[in-house]
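Trainee: If you want the building blocks of each chain, they are given just below.
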Amino acid sequence: MRKILTLAAFLFLTASLGNAAVLINGAGATFPYPIYSKWFNEYNKLHPEIQINYQSIGSGAGIKQITEGTVDFGASDGPMNEVQLKDFSDKHGYGVLHFPTVMGADVPTYNLPGLSAELNFTPEALVGIFLGKITKWNDPELTKANPGVNLPNHELVVVHRSDGSGTTYIWVDYLAKNSAEWKEKVGVGTSVNWPVGLGGKGNEGVSGLIKQTPYAIGYVELIYAIQNKLLYGKVRNAAGEFVKADLAGVTAAAAGAAANMPDDFRVSITNAPGKSAYPISSFTWLLIPEKFQDPEKKKIITDFLHWMLSDGQNLTEALAYARLPKPVVAKEISAISKIQ
Amino acid sequence: MMVSYSVRKRGSNILMFGLTGLCTALTIGVLFYILGYLLWHGVSALSLSFFTHLPAPVGETGGGMANAIVGSGKVLLLATIIGVPIGFLGGVYLSEYAGIKMASLIRYVTDLLNGVPSIVIGIVAYTLVVLPMGHFSTLAGGVALGIMMIPIAVRSTEEFLRAVPQTQRDAALALGATKWQAITTVVIPYALRSIITGTMLNLARVAGETAPLLFTSLNNQFWSSGWGQPTATLPVMIFTYAISPYDDWHRQAWAAAFVLLALVLIINVAAHGVLSRSKHLRRGPAG
Amino acid sequence: MPPTQILTRPQRMRRKIRQIWGHDNFGHILTMAAGAAILIITGVIFYELFAQSSLSRHAFGLNFLFTKVWDPVAGIFGALPFIYGTVVTSILALLMAVPLGLGSAIFLAELAPPRLSDTLSFLTELLAAVPSVIYGLLGIFVLIPVLHTSIIPLLKNWFGFLPIFGGDFFGVSYLTAGVVLSIMIVPFIVSVSREVLLAVPQDQREASLALGGTHWQTTWRVVVPFAMKGILGSIFLALARALGETMAVTMVIGNNPQIKASLLAPGYSIAAIIANEFTEAVGNLYLSSLIELGLVLFILTIVINGLARLLILATARRASR
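Chains as they are written, first to last, in this note's numbering: chain A, 25 to 364; chain B, 2 to 288; chain C, 819 to 1139.
Each hint should be verified, as a subset may be incorrect.
Unchecked claim - Covered stretches of chain C (in silico footprint by chain A; criterion: 3 or more residues with CB under 8 angstroms from a CB of chain A, positions within the stretch not fixed):
| hint | stretch |
| --- | --- |
| 1 | 904 to 916 |
| 2 | 1068 to 1078 |
| 3 | 1081 to 1094 |
| 4 | 1120 to 1126 |
Stated by the list, open to error - Computed beta-carbon distance windows for the label pairs:
| hint | chain 1 | residue 1 | chain 2 | residue 2 | range |
| --- | --- | --- | --- | --- | --- |
| 5 | B | Ser45 | C | Ile894 | 33 to 39 angstroms |
| 6 | C | Ala1079 | A | Pro137 | 38 to 44 angstroms |
| 7 | A | Tyr239 | B | Lys102 | 37 to 43 angstroms |
Hints listed in this document are in silico derivations from the structure and should not be mistaken for laboratory results. Beta carbons: idealized from backbone N, C-alpha and C, even for Gly.
Just chain A, with the same shape it has in the complex (with noise of 0.2 angstroms):
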């Protein structure tokens, strides 16, 4: 029984203790989720009074999590549509807000014993690829792209994300919007009913299969083919260039995005023209309420966005994420003042 006293007694001890900082909770899109945390990190050293913690749950989590209103804000790789906007706004009375914070890129990745060349992909070859219409590697629709490769005559084993992913809803976005029998067929989503392959579990999941698997294609973010070391392929864009992914590249391609970039922020930069834009690139979001009944919270957070579009951009490109374009970043300061 006395023990059971000194352990309430010591419960109730830990749970006062250390209420100093204030804690804002985020969560959402894995794909940022190291920028955020090194951004979240940083500003924490600048503000040893505030404490904001970023968890990646997923982007529909993130959608989901700040619509339910159990975290301060969420995150996104692709915008949220129409129904969950209406959604939010039919809960709490007020809106939600779109933020981009950084771009970044899916790549097609392979695994072809014995070949080491870096391989061109038509639009037209991934589409037929991921339709399973293209069942080998030298279907000519492939050796076309690559002359001068001697790509095998061997089957193509596709490899696809399981789990529903911005990565997923990028590289769908892309397909869609270069053929109608895709879009009508399997269309777009974070996760969608695929017509052939394998599935992995996340980035990770992908890589590991891609290395395990000889002859397998698939698809990760850009830093996960980098970092797993693993061959990524030039990816045809809009104005006929083979471009290979890159800081620069993701930037080209939101050069036309940010000149005219809508009041909401919620913009498609795959398929993007110019001549070196890489077209399998995307934004990713902040979503934050409208309101906050709490001034503190509000306070910290337009604090934080000053903070991320102005200093914090300086930190992206070292892990391999690119900045947001200047007039990007304008805009956002000006829409920060619609948090109220």
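Knowing the structure of chain A, use the given hints to seat chains B and C on it.
Mentor: For chains B and C alone, coordinates are given in the frame of chain A:
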């Protein structure tokens, strides 16, 4: 004829026990392989700061998982407080009091509860604790893991109490004890060692659970104060770091997995030591 | 007369507590309350799953169970490939884990000296503490290459004519998931079986040995049958774990919602699809369908447990005859 028969008998004796030894070696071998793998890949991330520092952001070396170690401890403590008493008393009921029909109903339902996938328990804890509270918390994680501990606590308690010889009960009753007195003073102490070992196994089982924590205790880069805030836990940190693209975080994930296993090992060994020191708790005739 | 008057308040309290604690019905009521709590908690979980899946149940009805399509974009959801994958991988896991686990338990209970036995069984139990995600990663980076280079070619060589070993092997498959699961559930079989074997009364063994049985004969014909109920219990605990295992399975099963006869083909399981898609499921019907899958898994457990109970009953009868 007799000789060859007994030779054959002895041969099969050696052969069959040899096979069982092989099974054990195989099982333990897998464990050592995993431990070795974790150590090999995580050793460079293991240092004192691993146990004393908060996680470092990507790109910075050092940093640790002190908050996750404490967070796991808190969640497991809550889970034990919630799950073990219910499970233990339920096991006592099944073994000592329940009629046949009631016992088989509860046993059946316990098996069902045990069969509920951990992620589903996470979903339920989310709708019942997180949504009403309006935020993620250590408490919600403790509730989810606590529910997961109940079925094994019930079944192991029942199993071990049943193994207590009837003579022990009869002796206590003959001395004039009531049934409840006989249970608390004779039956439970007799089986206590096994029950505590069972509880340890139970803790070990839920200590590595990731899925039910993702939507309940979430995670936290910082120290979590009290019981109402999201908290870091080792399995969720392992999960997050293992699926990240960075080598340094992978190493930390392996190191954390190694630490988690080591902690479980220490808990087990400690329980074992404490129990075998107190003489009257020793197992009865079989041991 | 009653000495209560001269007792202080705390003394009275303590006395009162002792009275309640000492009352014979107290234990009965207390433990029964715990039993009731278990029923209530399980009931609440079932109710939550049932209530939250109502949208999907109304949209698809029983067809949900027999539909092979899972198309989140078109909003068509069916559970069949997942049910199939869950059952197949769990059975595979048991086929491998039961001999391994029971063998180890016999060794630890009957042959190993007590101290060694305790140490080894602790080590076995540690396997249960390895986080699923670690099993998943080891499955991809260690198990799959081994299967690829040595085991699958052998299997195909000897049994390639069987449809269950037909088709191409990509690494991720029902079989891979079964192997990973079997390792994950072995500790449950070992630890519980060992305990029940140890609990078999010594006189049972002595009687058999006195009749001239060898140590092995005694173990196999007397000790194991005596402990059979407990052993079966451990197997069903393990089965329940296998059915619901999430993270590790989803990393090695291939996540392909199709039904294939070959064990070497990629498949899918119920827990895996919930884990894969729950975080990203936007749209109420989608979410509701995932929760209905949780409900299906729950009901699957009810059915399998029911069968298990019948089996235990049958063995118990045979043993008592």
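Trainee: All the hints need checking, so say for each whether the structure fits it.
Mentor: A quick look at each hint next to the structure:
1. Counting residues of the stretch 904 to 916 of chain C whose beta carbon lies closer than 8 angstroms to any beta carbon of chain A gives 0, which falls below the threshold of three, so the coverage claim is violated.
2. Check on the stretch 1068 to 1078 of chain C: 6 of its residues sit with their Cβ under 8 angstroms from a Cβ of chain A, so the three-residue criterion for coverage holds.
3. Here the stretch 1081 to 1094 of chain C counts 5 residues with a CB under 8 angstroms from a CB of chain A, which clears the bar of 3, and the coverage holds.
4. Using a Cβ-Cβ cut-off of 8 angstroms, 0 residues of the stretch 1120 to 1126 of chain C lie near chain A, which falls short of the minimum of three, so the contact claim is violated.
5. At roughly 49 angstroms, the beta carbons of serine 45 (chain B) and isoleucine 894 (chain C) sit outside the given window of 33 to 39 angstroms.
6. The hint said 38 to 44 angstroms for the Cβ distance between alanine 1079 (chain C) and proline 137 (chain A), and at roughly 29 angstroms that hint is violated.
7. Here the CB-CB span from tyrosine 239 (chain A) to lysine 102 (chain B) is close to 60 angstroms, at odds with the stated 37 to 43 angstroms.
In this structure, the hints that do not hold are numbers 1, 4, 5, 6, 7, in rising order.
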